[in-house]
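**Q** Sequence:
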Amino acid sequence: MKRALEGTVLVLLIMGTLFLARFRPLYAAQDARSEPIPATITGQSYCLLKALLGEEPNTETETTQQAFRVTLAKNAAGDAIPEMVGWTLHYLQDDMGKRMASSEDFRNKILTVKGRIFNQERVVQVTKVVYASEPAASYDFSETGSMSGRTSRQDDDYAF
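So the sequence shown is numbered by our numbering: it starts at 1 and just counts up by one.
A hint or two may mislead.
As the list claims (entries may be wrong) - Here are the computed distance ranges between Cβ atoms for each label pair: (1) E56 x T88: 16 to 24 Å; (2) Q93 x R69: 38 to 46 Å; (3) D95 x V130: 16 to 24 Å.
The set of hints was computed from the structure by calculation and includes no laboratory data. Heads up, the beta-carbon is just placed ideally off N, CA and C, and yes, glycines get one too.
Go ahead and model the full structure; you've got the sequences and the hints to work with.
**A** Structure below.
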């Protein structure tokens with residue numbers, strides 16, 4: 001009886017070790033924090049609700065959830081990052097990301113933005129909007145949330 005118990009324990013230990021060896025890399029990848037990549041990306045900012053469900057949000061009562069479809073990506077050195085083309089990135093919901101989603105100047109526009117991309121999470125932390133597809137107001141958002149607007153040209157930077 002003792003030998004049967006020892007054999008069962010040994011089999012369970014071997015099976016447990018094999019299970020951990022097989023699936024631990026998956027859990028490790030989920031636990032790892034991705035390092036942000038400084039980049040300049042061009043693409044379209046669009047409303048997820050409209051794109052996925054065909055519904056136009058009521059902007060007076062609902063917050064729109066904007067996403068960014070990448071058409072061109074370059075790293076800090078200016079080298080192209082072709083694997084990011086076609087990605088949908090979500091705005092990091094810091095102050096800048098919230099402003100990107102709420103400002104009419106950026107919604108549903110072709111944008112070129114500078115920031116940091118978190119690959120694994122498919123998130124962009126926007127630090128600067130370099131260009132918007134149409135002439136739009138360039139805003140300096142103060143800490144109080146007030147905006148001072150002026151007409152921008154294509155080569156103007158959006159200062160935040």
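**Q** Does each hint hold? Answer for all of them.
**A** Structure-based check of each hint:
no., hint, in the structure
1, E56 x T88: 16 to 24 Å, "holds, 19 Å"
2, Q93 x R69: 38 to 46 Å, "violated, 18 Å"
3, D95 x V130: 16 to 24 Å, "holds, 18 Å"
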